[in-house]
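Here are the chains, one letter per residue:
2 protein chains.
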Amino acid sequence: MLAEIITIGDEILIGQIVDTNSAWIGQQLNAIGAQVVQITSVRDDRRAIVEAFDEAFGRADLILVTGGLGPTKDDITKHTLADYFGTTLVRDQATYDHLEQWITSRGMRFNELNQHQADVPAGCTVLANRHGTAPGMWFDRAGKVLISMPGVPHEMKAIMTDEVLPRLQAHFQLDRIIHKTAITIGIPESELALRIAPWEEALPASLKLAYLPNPNNIRLRLSSYRGDSKQVTAEIDRQFALLRELIPQHFLGFETASVEQSVAEGLKERGETLSTAESCTGGAIAARLTAMAGASAYFLGGVVAYSNAVKTDVLGVQAEDLEQYGAVSQPVARQMAEGIRRLTGSTYALATTGIAGPDGGTPDKPVGTVWIALATPTETITEERHFWEPREQNIQRASSAAMDLLRKYLYENCS
Amino acid sequence: MLAEIITIGDEILIGQIVDTNSAWIGQQLNAIGAQVVQITSVRDDRRAIVEAFDEAFGRADLILVTGGLGPTKDDITKHTLADYFGTTLVRDQATYDHLEQWITSRGMRFNELNQHQADVPAGCTVLANRHGTAPGMWFDRAGKVLISMPGVPHEMKAIMTDEVLPRLQAHFQLDRIIHKTAITIGIPESELALRIAPWEEALPASLKLAYLPNPNNIRLRLSSYRGDSKQVTAEIDRQFALLRELIPQHFLGFETASVEQSVAEGLKERGETLSTAESCTGGAIAARLTAMAGASAYFLGGVVAYSNAVKTDVLGVQAEDLEQYGAVSQPVARQMAEGIRRLTGSTYALATTGIAGPDGGTPDKPVGTVWIALATPTETITEERHFWEPREQNIQRASSAAMDLLRKYLYENCS
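Going down the list, the protein sequences come from chains C and X.
Under the numbering used here, the first residue of the first sequence carries the number 1, and numbering increases by one thereafter.
Under the numbering used here, the first residue of the second sequence carries the number 1, and numbering increases by one thereafter.
Calculated from the structure, these hints are not laboratory results.
You may find that some hints are simply not true.
Identical copies carry no separate label here, and so any pair may be met within one copy or between two of them.
Said to hold, decoys possible - Here are the computed lysine-lysine pairs in the DSBU-like style, where the Cα-Cα straight-line distance is at most 30 angstroms:
| id | residue 1 | residue 2 |
| --- | --- | --- |
| 1 | K157 | K365 |
| 2 | K365 | K408 |
| 3 | K408 | K180 |
| 4 | K268 | K180 |
| 5 | K268 | K365 |
| 6 | K208 | K144 |
| 7 | K208 | K230 |
| 8 | K144 | K180 |
| 9 | K180 | K230 |
| 10 | K408 | K268 |
Chain C on its own, in the form it takes in the complex:
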């Protein structure tokens, strides 16, 4: 079954927001065996919206639309939908009651604009929005389906999960598409490609390989678009087991596997703990660890040691070493890691000190120079790394590299 996604909103076309909805919807559709063949973003413009609907109906069986359902005047999707399907807006009482409760319980006024959000095109199926004010709407047309949802990501996600996906599975006879993605870390794309070339050459024709690089890792995806799903899954697993043997130290796991997740799992399994002392990464390692629910089980806390005074006074870095070697140096990284480990009593500690850029580089220590340290109960390991990217990516890469140092240590020192 072929699907398309249409996102509506001037703010997308002039680049004021990044469309993150489409990626999430694409993942969900794939998981139930629907193949997304196009994603289209159009303006808050009646003609552009209608044209996009027409073209998508020509190519696909299912069209998921997000955006343009807010309470304000620039959001025209609902009126356009009513016209498109030859109907008019009517008040939906269940939505009205939900809205009134939802808004007043938050201490806000149930004003006229909110009340209009209970109006929907007659004849559509209303999809309840647990997390917001604009409901989703399901339209049938000659065996095909168009679904409109609000653009606010967590509202759209709840409607998809609660209403859209179960109904789609019941409504369509779906093909079975299978994707599985292995996550690698610490090896550049072209080196990886050469290293695994014999494996890639020997892949069966029914499996399609894709390389997906990002600042933290290279992902390798195998896809199958037909065939018996049990056999295909087994073949994909067999191929990835062969791949893992080729690059054991670079193989992080599957799908959403990340270095922080890998570190979290390793620590939880061992009942061990971590703390952080961050200079150039400025809290990014702590933020990535604590973005995962349950981080308090293994993450005790950390210090963002941006100034030298915090490095000496809180972490106990020697002022002489700061003076002699500079803040971006092996001794300072080492003392930061050992200092925060002492302070928190954690099993391990990670430290970073470097020059994220764009300023602050010297011929000796150019922008992108980072010292990383891992303090363990028995030793402190340090590493010098060089990144060549803008500030944001340098911070991301340094954070990943620090966590990867711990991941490899946990892997090599199995308890």
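Following the hints, complete the assembly by docking chain X onto the known chain C.
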């Protein structure tokens, strides 16, 4: 002049990556007066790519394409481009020389896959890629232009800035589109809409207003698509000045204005400093502050006090208060802020302690409950907030709310 953006890659359609390129390109094109009318994402599939090219050439004068130029076999854009423009691949010596230098200077091997990246369709104009291995390519066709760039965001951005934008300005006679966006904070969308309704009603017909909500703020964009640019700019400025009078305490600034930027500017102007003590936000405030270049001028550092032991031992929170009131409480937030301020000697300190979710809520303190504290030289201000969202948004909102507390303090206590 009408433009379209086409992003190529299966990884986009199955949702494995979020397309952030289109938003950035949209911003740049708008700034030079090109109007983006559609963004289309298609698979790594020759027919889908060719169809997207044909349709875009039918609607627009300029087509910017990203993706599918990597060194590996799944990237087919370059071959498809050669066929589409009826030509073949030839080696570009300047690109070859750059590649060899770029790769070997990074201690990597200049392998065959990298060498093939110097092959381009004959007749195109090569656009140098300072930051990577795949060059951009400019194709002319009957007065219209198609430009292909790699999908890696910082490589694409450098090619756009260095090569594409200056060439486009020289090549096209561009209309003048003007957008200006005001950023508000601390007021829900429907309340804002009612509060400013008289202003909105009185806007001239030539200006289009859009509401752009996100987890940190609501943005209001005024757009003009024609008219004398000096007059239009003056009228937009006049309208925003009126708006500012309606909501002075919620008006953050323009365009990319963010609460962290506003705090940073306020502190730099006053020569004052900040430190942070974060529990539920887990380093997100520090990470947002240090993501901005030059943060060391005002940000001394912080503590991520995830465990109670770090709260007591490092920040000096009273164990009795933790026991009596719990970690998520006014006294603990207050002592965290005062503790980090004492430890670092900063002018101000911000602290957060709360329940980000999804677990850890109680009837008394449900998920989303956050205490925020601001310690200043003369007083400590605390605030209890409730957010109703998933973990990630609760962390974002709590971070923004904490920084907004300082922003308002700086605004109300002008030196």
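Verification of the hints:
1. K157 x K365: Classified as between: cross-chain Cα gap 25 angstroms, same-chain 45 angstroms, threshold 30 angstroms.
2. K365 x K408: Answer is within: at 26 angstroms inside a copy they meet the 30 angstroms cutoff, but 39 angstroms across does not.
3. K408 x K180: within (23 angstroms within a copy, 49 angstroms between copies)
4. K268 x K180: within (26 angstroms within a copy, 49 angstroms between copies)
5. K268 x K365: Between copies only: 27 angstroms across, 37 angstroms inside.
6. K208 x K144: Within one copy only: 29 angstroms inside, 35 angstroms across.
7. K208 x K230: Intra 17 angstroms, inter 54 angstroms, cutoff 30 angstroms: intra-copy only.
8. K144 x K180: within (29 angstroms within a copy, 40 angstroms between copies)
9. K180 x K230: within (13 angstroms within a copy, 55 angstroms between copies)
10. K408 x K268: Within. Shortest intra-copy distance 16 angstroms satisfies the 30 angstroms Cα cut-off; inter-copy 41 angstroms does not.
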